[in-house]
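S.K.: So you can see what is in the structure, the chains are spelled out below.
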Amino acid sequence: MKKTLWLFCLKRLASLPIILLGVSLLTFFLMRIVPIEPAEVILRLSGVTPTTESIRSLEKEMGLNLPLFEQYWLWLKDVLSLQFGTSFVSKLPVAEELLSKFPATVLLAISSFVLALTISVPSGIISALYPYSLINKFVRMLSIISVSLPTFWLGFMLIYIFSIQLNLFPTNGTGSLAHLILPTCTLAIPIIGLFTQTIQTAMTQELTKPYIDYAYQRGLSKKTIIMKHVLKHTLTPLLSLFGLTLGNLMAGAIVVEQVFSWPGVGRYLIESIINRDYPVIQSYVLIVATLYVCINLCTDILQRIFDPRIKESTYD
Amino acid sequence: MGMQHLLVLFMLFTFIHNPQPEKGWGIFYLYVYLHTLKEEIMLKKSCLLLVILIVSLLASCSADTKTDANHSGKKTISIGWPLDIGPLNPHTYLPNQMTAQAMVYESLVEYNDDGTISPKLAEKWKVSDDQTTYTFYLREGVKYSDGSIFNADNVIRNFNAILENRKAHSWMGMVKHIDYVKKIDDYTVALKLDEPYYPVLNELAFVRPFRFLGDAGFPKNDATSKGIKTAVGTGPWALKEYKKDKYAIFKRNDNYWGEKPKVDEVKIKIIPDSESIALAFENQELDLIYGRGIVSLDNYTYLKDSGNYETAISEPLSTQALLFNTQSGPLQQLKVRQAIHYAINKQSLVSTVTHGTEKVADTLFWDAIPYADIDLKALKFDSKKAKSLLNEAGWKLENGQTIRTKDGQKLELDLTYIATDAIQKPMAEMIQGELAKVGIKLDIKGTDVMVGLHQLMNDETDINFWRTNGPPTDPHNFINESATPNASGVYEAKRGLAEAKDLNKKVQQVLVSTDEAKRSQLYKEILTTMHDEALFYPISYETNNVIYQKSMQKFVPRASEYDIPYTIMDFKK
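Taken in order, these protein sequences are the chains called A and B.
Just so you know, we're using my numbering here: the first sequence kicks off at 1 and counts up by one.
Just so you know, we're using my numbering here: the second sequence kicks off at 1 and counts up by one.
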């Protein structure tokens, strides 16, 4: 079993370069379809009216005067040297810029992910165990509401209530635990709704399976059945959902980072898109693609460990 | 047990990062909490204690959210700004923020709100009779924030570094004309042009690139276009602390030659979202909000109406307008363009959308802009006149129809606005309603920042929102661009005018003319032609909107996009 798992990992990792090559080609050439040239954008955003001379000189400086394939090749070389090219705007290596912004995003991602799990797992289980109770209705209603709230609205409401009215937290910025709480909640609340609903549905289905009756007849206590058997079978298929959510969070929360002035990658991406900072956007997409592939791999491995019934064969 | 360990680590982590006496309570409760668990007291009790712990933690967290004015004896002004201040390079553009550059670096001369030029680092200047040589007599005794001396050598070094990168600055007309810059003596420099170019002083006053970096800031080979070593300027402020994308703290430059700032520090907090800036201000994390479009006009009005804050509005700095594309379609006809002027109730448009913060604009430039104080007849709202003009132009309203037609063609126009602009969108919608009343169908499209301008240049849209640059580069930069293809869109938009070529010729003459009276006359002719031809529909004059906490003393905002008058700001005693 261990050997097949290793083989599976190797196979998946071997396909990574091909996936990344495809992603890099796609983003590079898709970016070039956008009609307006970065040199002009940068000049106009500087409050400068572009002249043909200034556009040409800037394009030369940014390497945009070269043939497309040469530009791609140069960038690819930069990627392989882990520099990821040079930002058009800041003129610093993209790797340096992104690295300085990832810690903030990772902190926010992990804290909200942990918060979401700690709340949604118990509430999902409880509402599945007591299907016709008030708790069930309450949890279901809350999770539907929390899924449908627009993030920016939720963020501003939390700021309004907890910062301005109750004066408990700062409205924005970083630096202390207090700064972390509101953005974490804003990110976590919709996820809590999603997770609770999914866990509840999965668990309700699991509870109708014949082995549960069998287990009761074997005389196992309810607690053992739920904790040892049902929970494991419920959560294992959900691992890929958890993984994807974590990947999503790691990719940067654009709205939340904007609302709370959180200096993470999401905010950086938006600025770069406005500035048409090609190297940053391309590298971001590439890094996030890698992240997704890795997280997917991890969840697949975990699923295989928890549930040996999932066979290698599905991937052959 | 694992959970408890995590909690302890978490608490220690936050305590180390933000050591405050209040945190002691959090630690204490944590201790009690762990202790009770150990004693195996009832689960419910420990839950209660956990709640107390969290609440106390939150309470201790919230202690440091307020502005730190007068905190620890230092007077600090906190302001919110949507973008990081950038590397503070005086000779380059994005990502440098003009408002931050202007705090640290100074120019030879200064442009005032009334359109005059006054001395700054140059005490006086002389222009040769042929108007090609400008001699500047530098102020003596000026020191950089690091204590080094400002003199002619330094001026030359900066000019050379800037001109090394001439193409990047070619938007500034002067750059093309500079022949050389020469040191006459330690405190005198001469600027030689290849031909007369009158707006030299206005362009030297601009925030970039002609400002002066101290010797310590110059990198290898003086290639400032690639970056600087450190931000050293002669201005009233010096950078003290900088956390990219978070904040920047500027401290008073004690070597400053002019009137010293009244407060010790200015803290610029980077808050990208305009709603968040307003909320931070409301939560007293900021002392002031300053500038055009920093918060939405809705928020501005909301804060103003609360009565809890002081507000101020600067003199106009730029003009919001519509630019008509005369290259093709119905807008080729002067009467259609004029009819649009008459069809819109501008007063109600401006007061509804800007909540009265902006003034109605009847002409493209407001009076304090040089050469723009001329008599032009305003086209006031008159829907009857609009209808009769359209009839005269051949656009008739058939019975039972709501849209006018001419030779079977409907009177349909496109208006492009920037989709994310909080003012353009409601204005576009109101204009659409007004024009529908006279039988013009206006299709409004929200696009990305640059798209509308490109569509106008390529003759793909009829009307686009358009802004003037504002002083000190108006109006000379405006007319220069109006005669340059692919610049501001005006060159393309006016192509359908019979006078287009004549206008271009006059623009060339204005910029090189040496006779002041002739120049005024040419400006008058150009601006009058554009006005009479109804090429623009001026909407409103944009202003810097300022809100500040009542703890601050009153001050007058400037009509400048980059000069925020921090030096005159102070707190009440």
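Take these hints with a grain of salt, some might be off.
As the list claims (entries may be wrong) - List time: in silico DSBU-like cross-link candidates among lysine-lysine, alpha-carbon distance up to 35 Å: (1) A:77 to B:246; (2) B:384 to B:437; (3) B:377 to A:60.
No lab work stands behind these hints: they were computed from the structure.
Predicted, not measured: the structure shown is a model, and the values here were computed from it.
S.K.: Each hint: holds or not?
M.R.: Results for each hint:
no., hint, result
1, A:77 to B:246, "32 Å, holds"
2, B:384 to B:437, "11 Å, holds"
3, B:377 to A:60, "48 Å, violated"
In terms of the numbered hints stated before, the structure departs from hint 3 and from no other.
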